[in-house]
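K.L.:
Residue numbering for the sequence shown follows the numbering used here, starting at 100 and increasing by one per position.
For the record, the hints were derived by calculation from the structure and aren't laboratory data.
Where a beta carbon is used, it is the ideal one built from N, C-alpha and C, also for glycine.
Take the hints with a grain of salt, since some may be wrong.
The calculated DSBU-like cross-link candidates involving lysine-lysine, where the alpha carbons are at most 35 Å apart (straight line), are [claimed, not checked]: (1) K217 x K258; (2) K141 x K217; (3) K273 x K178.
Computed spacing ranges between beta-carbons, pair by pair [to be verified]: (4) M100 x G279: 27 to 33 Å; (5) E169 x I224: 22 to 28 Å; (6) L126 x F288: 41 to 47 Å; (7) D250 x E207: 33 to 39 Å; (8) E138 x K183: 15 to 21 Å; (9) V285 x E220: 24 to 30 Å; (10) N204 x E138: 49 to 55 Å; (11) L272 x I224: 20 to 26 Å; (12) M165 x E138: 34 to 40 Å; (13) E131 x Q104: 41 to 47 Å; (14) R184 x L304: 36 to 42 Å.
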Amino acid sequence: MKTYQETAVFEHKFWLQVLGDHARFILDSLAEREKGDIEQAKRFKQAFDVLLKKVSASSDLYSLTMEAEEYALSFRKFKLSIIKRHLTGDIKIHLSPTFINHMVNELEEYLLVMKYLKRNEVPPIFHELHHHMLWLMDAAGHAGAISDDLDGVEKRLKKKSRGFEKHFEQFYLKSVELTGYLRANVESFPALRKMNEDIKLEIDLFRTFLHEIEELELSDQVLGTFSALMADHMMREECYYLMKIAESTNTQKPACDPAKPRLQEN
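Hey, can you work out the whole structure from these sequences and the hints?
P.N.:
As structure tokens, this is what we get:
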């Protein structure tokens, strides 16, 4: 079992990098006229990058957690402000409201983790359905975004990504119902265990697909606007999801590192 120090370092490394990615995605998608939002996104990008560098060197994880929480709360407010203006046509941005909403969901999971870290506690192992409810719709959004950003001539890849999107949505709907079953005071049952295994297999296949997309994008062999950094970001998140399922179900952890350094931008 991980110590508090090991857990805090791992969670901060993963989440601060995720939020730094989010700032980059927002920055890259804002129209040039949105100068105030562009400046805010730049500040968040810099703040999360600085905090990420502090993680390994910091001997005071409490102070780091408090600082990270402050920036995360501010970033949450910024994202919700973008969604609000998106819904009323008052901002020009090339990310959909749902895509940004999923970013808020992720950020709130980090806030939940920090609730324990700032009390010098190792976060509890949440039930696997907690993770399914967060990460399945996120994975569906990832698959949909890939299809949307691929050029129309990339029929094979678009079809494949739409297939993943459909499967993750189906798993999510099943998870909603299975979460309701927990009210019957049952923590595990055969249908849930089967679904856990099916989801792990599907996420593994999706990670392989993401790696293929990343390699094609890096070598300019795929047509479209989907970035290699986005694929790298998604792979790290799917790895984190697999790790959390493994923790919740006491099964073997995946052979990947969700806190590995992001793909370096050109």
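K.L.:
Indicate, hint by hint, whether the structure satisfies it.
P.N.:
So, going through the hints one by one against the coordinates:
1. K217 x K258: Roughly 44 Å between the alpha carbons, so the hint for K217 and K258 is violated.
2. K141 x K217: 27 Å, holds
3. K273 x K178: Satisfied, since the Cα-Cα distance of roughly 29 Å is no more than 35 Å.
4. M100 x G279: 27 to 33 Å: Since M100 and G279 have Cβ atoms about 31 Å apart, the given range 27 to 33 Å holds.
5. E169 x I224: 22 to 28 Å: 27 Å, holds
6. L126 x F288: 41 to 47 Å: Because 45 Å falls inside the window, the suggested range holds.
7. D250 x E207: 33 to 39 Å: Check passed, 34 Å falls within 33 to 39 Å.
8. E138 x K183: 15 to 21 Å: Given about 19 Å between the Cβ atoms, the range holds.
9. V285 x E220: 24 to 30 Å: 27 Å, holds
10. N204 x E138: 49 to 55 Å: Given range 49 to 55 Å: violated, Cβ gap about 25 Å.
11. L272 x I224: 20 to 26 Å: 25 Å, holds
12. M165 x E138: 34 to 40 Å: 25 Å, violated
13. E131 x Q104: 41 to 47 Å: 44 Å, holds
14. R184 x L304: 36 to 42 Å: Because 37 Å falls inside the window, the suggested range holds.
The structure does not agree with the numbered hints 1, 10, 12 stated previously, though it agrees with the rest.
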